[in-house]
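Those protein sequences? They're chains A and B, same order as listed.
At position 355 of the first sequence (counting the first as 1) the number is 355 in the numbering used here, and the numbers step up by one without a gap.
Adding 443 to a residue's 1-based position in the second sequence gives its number in the numbering used here.
Since the hints were made in silico from the structure, they are not lab data.
Treat the hints with caution; some may be incorrect.
[To be verified] Here's a subset of chain B near chain A, in silico, CB distances under 7 Å, partners left out:
| id | residue |
| --- | --- |
| 1 | 459 |
| 2 | 460 |
| 3 | 464 |
| 4 | 467 |
| 5 | 468 |
| 6 | 470 |
| 7 | 477 |
| 8 | 481 |
| 9 | 483 |
| 10 | 502 |
| 11 | 508 |
| 12 | 517 |
| 13 | 519 |
[Unchecked claim] Cut-off 27 Å, straight-line C-alpha distance, at most; resulting in silico cross-link-like pairs (DSSO-like, lysine-lysine):
| id | chain 1 | residue 1 | chain 2 | residue 2 |
| --- | --- | --- | --- | --- |
| 14 | A | 137 | B | 515 |
| 15 | A | 131 | A | 262 |
| 16 | A | 37 | A | 76 |
| 17 | B | 458 | A | 137 |
| 18 | A | 262 | A | 278 |
| 19 | A | 313 | B | 493 |
| 20 | A | 137 | A | 100 |
| 21 | A | 137 | A | 117 |
| 22 | A | 278 | B | 458 |
| 23 | A | 49 | A | 131 |
| 24 | B | 458 | A | 131 |
| 25 | A | 38 | A | 76 |
| 26 | A | 116 | A | 137 |
| 27 | A | 116 | A | 131 |
| 28 | A | 262 | B | 493 |
| 29 | A | 262 | A | 137 |
| 30 | A | 129 | A | 117 |
| 31 | A | 49 | A | 76 |
| 32 | A | 38 | A | 49 |
| 33 | A | 129 | B | 458 |
| 34 | A | 37 | A | 49 |
| 35 | A | 278 | B | 515 |
| 36 | B | 458 | B | 515 |
| 37 | A | 278 | A | 129 |
| 38 | A | 100 | A | 37 |
| 39 | B | 458 | A | 262 |
| 40 | A | 76 | A | 116 |
Quick caveat: nothing in here was measured; it's all calculated off a predicted structure.
The beta-carbon is built from N, C-alpha and C at its ideal position, and this holds for glycine as well.
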Amino acid sequence: MSERVTVTELNTRVREVLSSNRDLNDIWLLGEISNLKKYSSGHYYFTIKDPGSEIRAVMFRSSRARIDFEPDDAMKVEAYGHVDMYVERGTYQFVVDSMKRSGVGELYLRYEALRKKLEAEGLFSQDRKRKLPVYPKTIGVVTSPTGAVIHDIITTTGRLYPADILLAPAQVQGEGAWRSIVAGIELLNRVGVDVIIVGRGGGSIEDLWPFNEEPVARAIAASRVPVISSVGHETDFTIADFVADVRAATPTAAAQLAVRDKGEIRRQIEDMAVRMNKALSASLVRMRARFEVLDSKLSPKRAKDRIDYLLMKLDDMSSKMAAALSKKNTAMHRRLSSADARLVPALMDAVSRRTKSSEGTFMRLDPAMRAVLDTKRARLEKVSAGLDALSPYAVLERGYSFVAGPDGRAVTSVRGLSRGAVVTLRMRDGRADAEIKDTEEFR
Amino acid sequence: MSEDKEGMGFEESMKTLEELVRQLESGELDLDRSLEVYERAVALRDRCRKILDESDRRVQTIMETASGTVRKDFRVDE
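Model the full assembly from the supplied sequences, consistent with the hints where possible.
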């Protein structure tokens, strides 16, 4: 009679059979990881498969310390362990005690060979690197439509200068992935975008492998549009990264390289606005200053005012001198009058006061005082060099003379002069009193 | 993105604006020319601001099919 057993009893018996069978224990299992789930308990659950079959596997936290890499989907491995039964669910699984990667050595050799070949061709040369456009209208993206890359790029560029995004969906891992990446790059070149971002998220070397395929490298090199690569994590370098015009560590960084920050552009515009306002007001100030200088030089009224002022001063000084100096002292008078127009009024006052008080004193003016006067005069001459052109004395030097009335003021019209009037003629080297014999007004 | 009606895109507008500001700063323009350049610069500044404030972007996918390339609006789930 058949034995009656509970489910638990049965599964417990199966477990014993499995774990006591030498063929199911102490073995190296060859396959590829998929459906990897990392639990917070620290245990990893995944499937190990080959093209024909698959088996559930578990790697407990305690075993994880024995491996020197981080397992990932699509990774080819050799797993050491045994078959066991999970009684509660009635499933059997492979318990991984240790694990090593397989095929990595071969991939690495292929990678190095291609890297050397393309480097020798100059495909990585800095001279080939193109500048990215500053304000791209359209950013082409070649990546998976479901991955983090496109998500990050769309989110990041939303905060940046508005550019259209054109995604050429591509398969970014597995057999034939390189074909869809190449097709994407070529398609975006045909429809015309301003820059292309090509990439995928992090993964195992097998995951990233399409970006180490020669056709992908060649497509990037042949692209007329500048290419930014963003493949895997910051520490991963694929052949695509070497060929690309710019390599970005993350998709977000790629987006930031492709388009500029809106706020930054805004600041730049405002900065230019400030600069142009400043520049315009500076040139207005400059123009005004230039105009005023010209205006003052050109205005006939100003020139006349200036001459009148100087003449008045001259008259004033002349009469003072005349009163101050005795007739005996004409030599001194002459010397002084050639200097008088150039001396400051205050100094003149001082001199005339001294002269007035005593002729003798002036004659004995001590040498120190004269030296002081000479220095002051020299300075004054220097300062007034510009005014000399307008000085009536310059006119006298050229052979003109001018006429002063009895009041010491310049006579500039024949009107008011009548026969017998006494005037003083002022010349380069002295003066002469004269009497008017006749007048005629020119028409 | 709005294409500029006068034919000058954002990048060109920014470049021209920068060039005009440089000309103004050089101090080599006479008064009439300064004012002319200034007015152009103000117009360009306003245009750049406007493009930046108003333009919107499209996010699309492009695929090759038997009947040619097809574009579709694309949206990622936040």
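Okay, the hints, checked on the actual structure:
1. 459: Since chain A brings no Cβ nearer than about 11 Å to residue 459(B), farther than 7 Å, the hint is violated.
2. 460: Holds - the Cβ of residue 460(B) comes within 7 Å of chain A, reaching about 6 Å at its closest.
3. 464: This hint holds: residue 464(B) lies near chain A, its Cβ roughly 5 Å from the closest one there, short of 7 Å.
4. 467: holds, 4 Å
5. 468: holds, 4 Å
6. 470: Because about 6 Å separates residue 470(B) from the closest Cβ in chain A, which is inside the 7 Å limit, the hint holds.
7. 477: Since the shortest Cβ distance to chain A is 5 Å, the answer is holds.
8. 481: holds, 5 Å
9. 483: Violated - the Cβ of residue 483(B) stays beyond 7 Å from chain A, reaching only about 10 Å at its closest.
10. 502: holds, 4 Å
11. 508: violated, 11 Å
12. 517: Holds. Min distance 6 Å.
13. 519: holds, 5 Å
14. 137(A) to 515(B): holds, 18 Å
15. 131(A) to 262(A): The hint holds at about 20 Å.
16. 37(A) to 76(A): OK: residue 37(A) and residue 76(A) at ~16 Å, within 27 Å.
17. 458(B) to 137(A): holds, 16 Å
18. 262(A) to 278(A): Since the Cα atoms of residue 262(A) and residue 278(A) sit roughly 24 Å apart, the hinted pair holds (cutoff 27 Å).
19. 313(A) to 493(B): violated, 66 Å
20. 137(A) to 100(A): The hint is violated at about 48 Å.
21. 137(A) to 117(A): violated, 35 Å
22. 278(A) to 458(B): holds, 19 Å
23. 49(A) to 131(A): This hinted pair is violated, its Cα atoms lying about 45 Å apart.
24. 458(B) to 131(A): holds, 16 Å
25. 38(A) to 76(A): holds, 18 Å
26. 116(A) to 137(A): violated, 36 Å
27. 116(A) to 131(A): holds, 25 Å
28. 262(A) to 493(B): holds, 12 Å
29. 262(A) to 137(A): holds, 14 Å
30. 129(A) to 117(A): holds, 18 Å
31. 49(A) to 76(A): Answer holds: residue 49(A) to residue 76(A) is near 9 Å, not above 27 Å.
32. 38(A) to 49(A): Holds, because 18 Å separates the two Cα atoms, which is no more than 27 Å.
33. 129(A) to 458(B): Judged against 27 Å, a Cα distance of about 23 Å means the pair holds.
34. 37(A) to 49(A): At roughly 15 Å apart (the allowed maximum being 27 Å), residue 49(A) and residue 37(A) satisfy the hint.
35. 278(A) to 515(B): Violated - the C-alpha atoms of residue 515(B) and residue 278(A) are around 48 Å apart, more than 27 Å.
36. 458(B) to 515(B): Violated - the C-alpha atoms of residue 515(B) and residue 458(B) are around 33 Å apart, more than 27 Å.
37. 278(A) to 129(A): This hinted pair is violated, its Cα atoms lying about 39 Å apart.
38. 100(A) to 37(A): holds, 18 Å
39. 458(B) to 262(A): holds, 16 Å
40. 76(A) to 116(A): Status holds; Cα separation ~25 Å.
Checked against the numbered hints above, the structure violates hints 1, 9, 11, 19, 20, 21, 23, 26, 35, 36, 37; every other hint is satisfied.
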